[in-house]
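> Based on the provided sequences and hints, a complete structural model is requested.
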Amino acid sequence: MPERRGQTPLWGSRMAWLLAWRNLAHDRSRFAVTLVGIIFAVVLIAMQLGLFLGFTDSATVIIRHTQADFWVVTRGTLNFEIALPMSERELHIVRSLPGVDRAERFLVQFVPWKKPTGGDESIILIGFDLNSGLAGPWNLREGRLEDLRLPDAVIIDQVYQDKLGVDRLGTETEIRGLRARVVGITQGIRSFTTSPWVFTPFRNAQRLAGLEPEEANYVIGTFSPGADQRQVRDALAQALPRSDVYLSEDFAARTRDYWMFTTGAGAAVLVSALLGLLVGAVIVAQVLYATTVDHLTEFGTLSAMGAPRHFIYRVILGQAAISATLGHLPGIGISLLLAHLSQYSAAMVIIPWELAIGLYGVTLGMCLLASVVSIRKAMRIDPAMVFQK
Amino acid sequence: MSHSAAPYPRTKTAGATGAPCMPDVPDPLHGSVADAPDGISPALEARGISLIYGSGPTAVHAVNDVDIAVHPGEMLALMGPSGSGKTTLLMVLGCLLRASAGSVRVEGRDTSGLPKAELSRLRLTRMGFIFQSYNLFPALTALENVQLALELKGYDLKEGQKLLQRVGLGGRLGNYPRQLSGGEKQRVAIARALAGYPAILLADEPTAALDSSNGRAVVRLLADLSHDLGRATIIVTHDPRIGDLSDRVVHMEDGRILA
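So the protein lines, in turn, are chains A and B.
Under this note's numbering, the residues of the first sequence are numbered 130 to 518, in order.
Under this note's numbering, the residues of the second sequence are numbered 3 to 261, in order.
One should not assume that every hint holds.
What the hints assert, rightly or not - Among chain B residues calculated to face chain A with C-beta under 7 Å, some are:
#1 Arg125
#2 Asn137
#3 Leu145
#4 Leu175
#5 Gly176
Said to hold, decoys possible - Now the stretches of chain A that chain B is said to cover, found in silico as 3 or more residues with beta-carbon under 8 Å:
#6 152 to 164
#7 339 to 347
#8 374 to 385
Source of the hints: derived by calculation from the structure; they are not laboratory data.
Beta carbons: idealized from backbone N, C-alpha and C, even for Gly.
This is the structure we're talking about:
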């Protein structure tokens with residue numbers, strides 16, 4: 130007579146996993162439908178969340194790529210793209226305060242761009258101090274930053290070449306009726322709005338935007354080494370009663386929150402991700418339920434044999450976990466591929482590894498949740514049913 | 003007045019090994035199990051069992067005041083026409099249904115007040131079930147079907163091969179139920195029921211879906227296993243030929259055991 134080994138460990142049941150897998154694989158076409166549903170849900174959720182991250186990235190990309198520690202803006206400015214002009218006086222006040230190392234003016238302005246191929250486009254002109262190195266374009270694919278010293282020179286991003294009608298370096302066009310010439314092309318500097326960014330030195334930007342020589346939207350700067358940043362910021366705010374002063378990360382957060390939540394753009398993306406989750410859960414729930422109904426007699430047999438409830442839970446939850454894993458892997462693979470391809474489009478999709486892994490947790494949770502209905506069904510089986518067949 | 007199984011004269015005396023299969027069975031009508039000759043206690047014993055569906059004038063007595071006992075090494079055939087209450091009685095004896103009245107004792111332990119989980123545990127550890135429709139798991143091989151029961155009962159999965167060899171299916175370990183004949187499926191079901199060598203085997207119409215020769219072979223196998231291993235076996239059947247191979251036959255009609 131063989132000896133008992135004792136109770137099987139809760140999750141170490143080889144047969145529960147085997148039965149779960151075989152139940153799924155037994156009906157291949159149904160399993161394929163389950164996987165397609167999960168893949169669809171994963172791709173939908175990953176793309177929506179990736180778009181959300183892409184949007185937040187592009188909404189704050191310029192702020193994050195400057196070397197500035199602080200931003201001085203006209204009081205009430207909600208985001209980076211839209212700020213009222215301020216006078217040169219603010220720049221002088223900032224420069225005069227202890228704890229400030231460097232300060233310069235910065236300009237952001239919506240202006241019309243005449244496409245060489247015909248028609249107009251709205252652009253956001255970025256004017257920066259070419260000498261200080263505090264701000265400016267990066268990832269130059271063609272041309273040199275120094276070429277911006279040439280008259281009327283501007284730099285655009287390759288993502289917007291078609292949109293702006295620029296097919297090569299040296300293309301000439303008009304900004305607000307004034308001559309401009311493309312001297313450089315960057316890669317992957319996307320705007321959150323539909324208007325492309327166009328970089329040019331501050332003085333040229335002032336001219337192209339039609340601002341007075343003493344006007345700018347921003348004063349940006351760096352703190353002296355060893356200065357208490359919060360303290361200097363507070364001192365700046367006190368000295369500039371008609372302005373708001375932000376640390377760079379705070380201004381980035383304000384801009385991000387504005388675009389993502391105040392405008393509802395982010396909410397729309399998140400709702401889409403939530404819908405993906407819901408659709409995925411419904412598909413998985415339906416298929417798992419159908420699989421459970423198909424195997425009711427087997428669950429009844431297990432119950433009649435005296436199998437503990439947790440064994441039946443394990444089989445159904447095992448089915449859900451297997452479905453989640455096998456659905457997540459291709460789903461996230463497709464999403465990563467699409468994210469890679471999005472580098473060449475205007476809408477950047479960013480899927481960091483934390484999101485890819487986190488999404489597995491979401492998929493697993495979605496599938497486990499979807500199996501609750503099946504568990505309830507299986508638990509209601511009267512084991513006596515197997516004698517009545 | 004209780005209606006009980008009268009001791010049925012054994013029609014066969016030995017299993018495949020030729021070993022004596024069981025001592026004389028005590029008559030539950032006369033004296034308790036403790037009083038049984040040779041001091042053999044029943045593996046499964048029911049006293050005054052009734053099962054009533056519904057109430058009032060429409061109440062149906064599916065099982066009506068039944069006493070029955072089956073001893074280690076004994077194979078008892080429960081026979082009777084359809085609707086006579088055989089399967090219902092089997093379900094009560096198998097702790098799948100609670101009796102409206104009376105008590106069921108499994109190896110001397112009264113099951114009346116046990117909670118559902120404890121009854122499940124009792125079924126798992128002390129009983130093996132064989133069903134009319136085999137109830138094998140179609141997605142598992144013959145070996146895996148047996149191993150499933152072994153794992154549930156906490157036994158080494160390697161035992162599965164030995165059990166299948168024991169029922170003559172050593173060469174069909176990797177076959178799925180759809181690749182087996184009816185007789186082979188029922189043998190797998192028997193091997194599964196034997197997993198962990200439970201004290202009691204309960205079989206519901208195990209030959210109903212089989213042809214005559216396969217049916218006979220399956221019952222002979224059950225009888226041999228019952229005798230060799232000293233298991234108490236109850237077979238519910240319509241098939242009068244099974245009676246010939248059983249140690250005792252109990253007839254039921256209208257929920258009662260015929261004297």
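> Out of the numbered hints, which ones does the structure contradict?
3, 4, 5, 7, 8
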